[in-house]
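Protein sequences appear in the order of chains A and B.
Per the working numbering, the very first residue in the first sequence carries number 1; after that it's consecutive.
Per the working numbering, the very first residue in the second sequence carries number 1; after that it's consecutive.
Quick caveat, the hints were computed from the structure, so don't treat them as lab data.
Beta carbons: idealized from backbone N, C-alpha and C, even for Gly.
Just to be clear, a hint being listed does not mean it is correct.
Okay, derived cross-link-like pairs now, PhoX-like style, lysine-lysine, Cα gap no bigger than 20 Å in a straight line [to be verified]: (1) K10(B) <-> K16(A); (2) K78(B) <-> K58(B); (3) K5(B) <-> K109(A).
Interface residues of chain B toward chain A, partial, derived using beta-carbon atoms under 10 Å [what the hints assert, rightly or not]: (4) K5; (5) I6; (6) I7; (7) V13.
Which stretches of chain A does chain B cover? Using the computed rule of at least three CB atoms under 8 Å from a CB of chain B, they are [what the hints assert, rightly or not]: (8) 3-9; (9) 102-113.
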Amino acid sequence: MHELGIVFYIIRDVKKAAEENGVKHVSAVVMNIGEVSTVIPEYLDDCWRWAADKEEILKGAQLKVNRLEAVSYCEDCGQEYETVRYGKTCPHCGSGRTYLLRGNEVEIKEIEVS
Amino acid sequence: MEEVKIIEIKKSVFGENLRDAEELRSELKEKGIFLLNLMSSPGSGKTTTLIKTLSLLKDRLRIAVMEADIDSDVDARKIREATGIESIQLHTGGMCHLDAEMTRQGLENLPLEGVDLVILENVGNLVCPAEFDTGSCTNAMILSVPEGHDKPLKYPLMFSVCDTVIINKTDVLEYFDFDMEKCREYVHMRNPRAHIIPVSAKTGEGIPELADWIYKLVTNWKNDSSYA
Numbered sequence: 001m002h003e004l005g006i007v008f009y010i011i012r013d014v015k016k017a018a019e020e021n022g023v024k025h026v027s028a029v030v031m032n033i034g035e036v037s038t039v040i041p042e043y044l045d046d047c048w049r050w051a052a053d054k055e056e057i058l059k060g061a062q063l064k065v066n067r068l069e070a071v072s073y074c075e076d077c078g079q080e081y082e083t084v085r086y087g088k089t090c091p092h093c094g095s096g097r098t099y100l101l102r103g104n105e106v107e108i109k110e111i112e113v114s
Numbered sequence: 001m002e003e004v005k006i007i008e009i010k011k012s013v014f015g016e017n018l019r020d021a022e023e024l025r026s027e028l029k030e031k032g033i034f035l036l037n038l039m040s041s042p043g044s045g046k047t048t049t050l051i052k053t054l055s056l057l058k059d060r061l062r063i064a065v066m067e068a069d070i071d072s073d074v075d076a077r078k079i080r081e082a083t084g085i086e087s088i089q090l091h092t093g094g095m096c097h098l099d100a101e102m103t104r105q106g107l108e109n110l111p112l113e114g115v116d117l118v119i120l121e122n123v124g125n126l127v128c129p130a131e132f133d134t135g136s137c138t139n140a141m142i143l144s145v146p147e148g149h150d151k152p153l154k155y156p157l158m159f160s161v162c163d164t165v166i167i168n169k170t171d172v173l174e175y176f177d178f179d180m181e182k183c184r185e186y187v188h189m190r191n192p193r194a195h196i197i198p199v200s201a202k203t204g205e206g207i208p209e210l211a212d213w214i215y216k217l218v219t220n221w222k223n224d225s226s227y228a
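Bound-form chain B, shown alone (with noise of 0.2 Å):
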């Protein structure tokens, strides 16, 4: 029988994609550039939130946004049309998430020059996301009223790893068994500092608070020199 060499190797598969994200971060951090990674299942309206809460941001700060999907143009194309704010489209080739390498690469196709924001709309799905830093300096992520309170306890580690929970829909909560309360509880169990914001892309409500919110996200962060 052939003798087998071993080789040890013990290292983490996801090792080689924080060491990029934390790259990723520093360079952004020396750029002034503020890059957001918003999170959600499909269909919890992330498009229509960025929409109305870009058209409310666009005039107090430069903002662009790279949106992620496995096909298709439409999402960026609504961007641009409904907001002019410059918006791209990236491709995943069929996977499930966004890695850092990706996520520079389409960094690298926008034009930032005096941009202080950079939205980058995930790929739709609450599971693999969640697992792959993107190099993001926030992770946000819209639960809609529909999916259900539960999903903080389905997921735990999307609502583990984001900063800003965004809770769509809420004007269809009195269609729908959805507890607020509960869902609060829920989230927080995953993560106690998460910040939570109810809105209604449809009809305008919470947008405003939403808007405030990521502004000073974006400020606190300028302004501090540690948080990189």
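Bound-form chain A, shown alone (with noise of 0.2 Å):
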């Protein structure tokens, strides 16, 4: 369960920014996740409703993820492709030469403060 840990990380840092800003209680986070980034977004809003709500600050808060898509370059042809479709190996010219651009993210984009 990575996703546990990645919302404690979340929390922690979401109570630290409402605290910065005089924030009293938060009623959303948005979250940037890349399609490869390992997070399962399901699994991390079942954790999040878990955690969140034993946080007199986070209580009853939605967590909002914005699915990021997945870029590679291929330093052969110089051409981008899509990640989950092709994997490592480039599609225009059929190089193993790539790396990922983006698409790795698991991002606290913003919070909601109402």
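Assembling the complex is the task here: the two chains are given apart, and the hints tell you how they should meet.
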């Protein structure tokens, strides 16, 4: 359950941000999660519900997830392609000399306060 | 409708842990303590490999061991009884990995006076431990023959963060379709600099090479002022 560990990190960071901004209650936390980040949003949400409700400042707070597409870059032909569809092999030229450009994010984008 | 105020954060969830890990690494450098983070699947033979290897190293280095598991203290006791090496058990409280803060708390419970090498036996898991920097000076992992040579393809992150890949249970190679050359190729696809050591913790084959390799890692690190 690596989502639970991540939820604890999110809660720690959100509480800190809320404190710095003098916020008493957070109504939602918006996350950017890359397609190949190894975080499964459904599991994250389950862990979130369990852990967030234990915190006064986060009671009932929603977790909103923006899923970000994973994109790889090919060093041989210089083109980009969809990582999830083609994996390590460039669909344009067949090279394996590729690396991930984005799609690995596990990031707190913003918090909503009402 | 109530107005919603938005506070932008834009912060990686792993950021704080990375900072904690960097801090721990530089503290360890100051104290001259080399922390090796050992990862693997459950049942790959981590504890047995450690016992055999540490028995060869304990006269050359002062060693301490931290065993991380979700529960129980069987591993720490086993290490202590078999080698006499100071060993403590960390419980992750249901979590699948250790982070830098948990590692620091573990280190605080070890008598570290004069210790050269601390081995952290991470939770048996090829996914989550690779995501969290523990603050270690090097990462190593054990892949055992029955698990198959294609694991580096399935768990790319684990193999890309490890400087040393130990291939254990070579004594059963003939019973499995494990292709050592393919395995080397796949590991190097993930990390071209990875050092691969085949061993059998059961027969002892390759264990002296592993012990020498760890010794070399520790002494090189101690002599290299820029490593941290």
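Outcome of the hint check:
1. K10(B) <-> K16(A): holds (14 Å)
2. K78(B) <-> K58(B): holds (16 Å)
3. K5(B) <-> K109(A): holds (14 Å)
4. K5: Result: holds, 5 Å to nearest chain A Cβ.
5. I6: holds (5 Å)
6. I7: holds (5 Å)
7. V13: At 5 Å from the nearest chain A Cβ, V13(B) passes the 10 Å test, so the hint holds.
8. 3-9: holds (count 4)
9. 102-113: n = 9 at 8 Å, threshold three: holds.
Every hint from the earlier list agrees with this structure, and none is contradicted.
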